[in-house]
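Participant: Those protein sequences? They're chains X and S, same order as listed. Under our numbering, residues 1 to 356 are what the first sequence spells out, in order. Under our numbering, residues 1 to 273 are what the second sequence spells out, in order.
Don't read these hints as lab results, they were simulated from the structure. Don't take every hint at face value.
[Claimed, not checked] Chain S residues, not near chain X, derived (Cβ > 12 Å throughout):
#1 T59
#2 S70
#3 A91
#4 L113
#5 R183
#6 L218
#7 V229
#8 Q233
#9 G251
[Unchecked claim] Estimated spans, in silico, between C-beta atoms of each pair:
#10 S76/S <-> R305/X: 28 to 36 Å
#11 K346/X <-> S76/S: 28 to 36 Å
#12 A85/X <-> V16/S: 41 to 49 Å
[Claimed, not checked] Quick list of in silico lysine to aspartate or glutamate cross-link-like pairs, EDC-like style, CA-CA up to 16 Å:
#13 K142/X <-> E67/S
#14 K112/X <-> E328/X
#15 K142/X <-> E139/S
#16 K280/X <-> D203/X
#17 K315/X <-> D203/X
#18 K315/X <-> E73/S
#19 K187/X <-> E139/S
#20 K142/X <-> E73/S
#21 K236/X <-> E84/X
#22 K171/X <-> E139/S
#23 K251/X <-> D342/X
#24 K171/X <-> E67/S
#25 K171/X <-> E140/S
#26 K330/X <-> D176/X
#27 K28/X <-> E62/X
#28 K315/X <-> E139/S
Positions of the beta carbon are idealized from the N, C-alpha and C atoms, including for glycine.
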Amino acid sequence: MISLTRRLFLAGLALAVVAPSFAADLPKVIRLGSPLVGTGNRPVGAGNSFANAQIKGLLEQEFQKDGIKIEWNNFRGAGPALNEAVANGLLDVFWEGDLPAIIGKSGGLKTKLLLANGRSSNLYLAVPPDSPVKSLDDLKGKKVAVFKGTAVQLAAGKVYAKHGLSERDFKSINMDTATGNAALTTKDVDAVWSSSNILSLEDRGVARVVYSTRKDPQAQSLNMQGYVFTTEEFEKKYPEVVQRIVNVLVKEAAWASDDKNRNALFQLWAKSGTPFSAFKRDAEGISQKEVQSPLLDEYFVALVRNSVTEAQKLKLLRGNLDVQGWFEPKYLNNALKSQGLDNYWKPLDAKGNAKL
Amino acid sequence: MTSIPRSVSALRLPPVLAGYLTALSRGLLALLLPLGLLLLWQLIAEQQWISPQLLPPPTQVLDSLLELYSSGELASNLGISLARVLWGFAAGSAAGLLLGVAMGLSPRVEAYLLPTFKAISLVPVIGWVPLFILFVGIEESLKVLVIAKAVMVPVAINAMKGIRNVPVGFFEVARLYRFSLWRTVRKVVLPAALPSLANGLRLGLSNAWMALVAVELLASSEGIGYLMVYGRQLFQLDLVMATMVVIGVVGLVLDQGLQLLERHLLTWRNSAY
Numbered sequence: 001m002i003s004l005t006r007r008l009f010l011a012g013l014a015l016a017v018v019a020p021s022f023a024a025d026l027p028k029v030i031r032l033g034s035p036l037v038g039t040g041n042r043p044v045g046a047g048n049s050f051a052n053a054q055i056k057g058l059l060e061q062e063f064q065k066d067g068i069k070i071e072w073n074n075f076r077g078a079g080p081a082l083n084e085a086v087a088n089g090l091l092d093v094f095w096e097g098d099l100p101a102i103i104g105k106s107g108g109l110k111t112k113l114l115l116a117n118g119r120s121s122n123l124y125l126a127v128p129p130d131s132p133v134k135s136l137d138d139l140k141g142k143k144v145a146v147f148k149g150t151a152v153q154l155a156a157g158k159v160y161a162k163h164g165l166s167e168r169d170f171k172s173i174n175m176d177t178a179t180g181n182a183a184l185t186t187k188d189v190d191a192v193w194s195s196s197n198i199l200s201l202e203d204r205g206v207a208r209v210v211y212s213t214r215k216d217p218q219a220q221s222l223n224m225q226g227y228v229f230t231t232e233e234f235e236k237k238y239p240e241v242v243q244r245i246v247n248v249l250v251k252e253a254a255w256a257s258d259d260k261n262r263n264a265l266f267q268l269w270a271k272s273g274t275p276f277s278a279f280k281r282d283a284e285g286i287s288q289k290e291v292q293s294p295l296l297d298e299y300f301v302a303l304v305r306n307s308v309t310e311a312q313k314l315k316l317l318r319g320n321l322d323v324q325g326w327f328e329p330k331y332l333n334n335a336l337k338s339q340g341l342d343n344y345w346k347p348l349d350a351k352g353n354a355k356l
Numbered sequence: 001m002t003s004i005p006r007s008v009s010a011l012r013l014p015p016v017l018a019g020y021l022t023a024l025s026r027g028l029l030a031l032l033l034p035l036g037l038l039l040l041w042q043l044i045a046e047q048q049w050i051s052p053q054l055l056p057p058p059t060q061v062l063d064s065l066l067e068l069y070s071s072g073e074l075a076s077n078l079g080i081s082l083a084r085v086l087w088g089f090a091a092g093s094a095a096g097l098l099l100g101v102a103m104g105l106s107p108r109v110e111a112y113l114l115p116t117f118k119a120i121s122l123v124p125v126i127g128w129v130p131l132f133i134l135f136v137g138i139e140e141s142l143k144v145l146v147i148a149k150a151v152m153v154p155v156a157i158n159a160m161k162g163i164r165n166v167p168v169g170f171f172e173v174a175r176l177y178r179f180s181l182w183r184t185v186r187k188v189v190l191p192a193a194l195p196s197l198a199n200g201l202r203l204g205l206s207n208a209w210m211a212l213v214a215v216e217l218l219a220s221s222e223g224i225g226y227l228m229v230y231g232r233q234l235f236q237l238d239l240v241m242a243t244m245v246v247i248g249v250v251g252l253v254l255d256q257g258l259q260l261l262e263r264h265l266l267t268w269r270n271s272a273y
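So that you can see chain X by itself, here it is in the shape it has in the complex:
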């Protein structure tokens, strides 16, 4: 009797020791994070393959057979709120705009940059339709809503600097996207900085765009970028899961880059509540293949570096950031190779010219 209980006890002990190493191969749940919400706070983003994956349920499909639960977290508080969730250890894989990503990394978040997720999102400055404002200078001293701590703030700061202005020349009020748009329609603010979703307000006749990076020859260096990350901890524990997620995202980026899917792509994004027409206008004359390229080429690295220096100049970032050590391109390269997409997107040099 005694030997039996002892044997059972030892077997139980052995199981308890071994079990965690089994579990380490696959997580029970993958916690994904997105800094975008759609109209009315719905958990739907737009503009990149990460958002597409959420709308289409691609990761749910990928991990269904393993019984892994996919948990989506969309943050109305955008990048700043997402960073807090990462610091609390609540997210595994997520995407963020340039400024919050840089701020999070320099603040000590242990993240790895896996691939680009939208290289160039246009920035808009809108005023009420009957406003006499015609240019940035007309807005000096007036109330301008900007979602601070997000990519919009950095892009707006770059535009100010280019025009010899700074945030201090305006009454810069921190408002999230929904609040800023609402405040513009009630004329509580004189202008709002925004991404393409503002075009839906223009369509409805309650806003007028006075400035956009769209037509700026230096649009790419002014515009917002998005990056996909995983935490160092998750990458170390589940490298195969990270690879599978990157595979899905790269495949989706290739679909989104194809010009014959253009209409389908904008219809997909319209599920966020911003209408089809807004995305169509935002992307007019712009090749999705350039915008959706997931590559971490020299050009992309230069864009990230530029964002870091600009954020430092604007005093949005303290200390420095080792950009090179932040990238983990091996998953992306595997995905490109395994899907035969090696030469699909053309890598560019630091100045944005095609490499020969």
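Dock chain S against chain X, hints included.
Facilitator: Chain S alone, transformed into the frame defined by chain X:
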């Protein structure tokens, strides 16, 4: 029992010095808790029980406090916040005094106003913000209005109670001397109700400070509450905590300052009774 006082008297401290000593020891006691918390905080930060991005160590908070000070940001934002408090406090206490005195003196006014006033005062300051935004927008007038509302309630209620508690005999004497209403208020009611009024004003001032921070968190482009929001947006929790320290210290200084002033102004009263 008697040995303790004897040993103290054996020191033969002059009473003034002894007074200072007790004040000093009381001050030290008050510091024990914050010091203990500070040590615990340092320990948590050192052991990284909470991620340092979320709870920066005290030294880092001190650094960013010093930086705020030396860059002049602290002074400019604090100045803006204090100006808002000043205006809101002035408007709120004037309205509160008027209302409180009227309700205290006349049971009829009280019957008309008090229930409504109570209902209004029970809606917290933050609950008024959406409505106020619709009326006055999000600029300075919003802050002043919200602060004024926060100040008015305790000032009015304390003024009313203070007047209600003036002994009836005082009024009888005033009537005997055929004092006019204004003279009764000035010479009899206000002096007798002064401690309660002062109490209301003090409560109003600390309410004003808290309301200010709340409203600056919501819609602002400058001020000490805004600094806190900004710190959070830029993932600089040390800045958030530094502004918390400033808010706490300024609130304490305001409260203690008014208490000192009150004690100073009421000294005549102690000798009068």
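Participant: Please write out, lowest number first, the hints stated earlier that are contradicted by the structure.
Facilitator: Hint check: 6, 7, 8, 11, 12, 13, 17, 20, 21, 24, 26, 28 fail, others pass.
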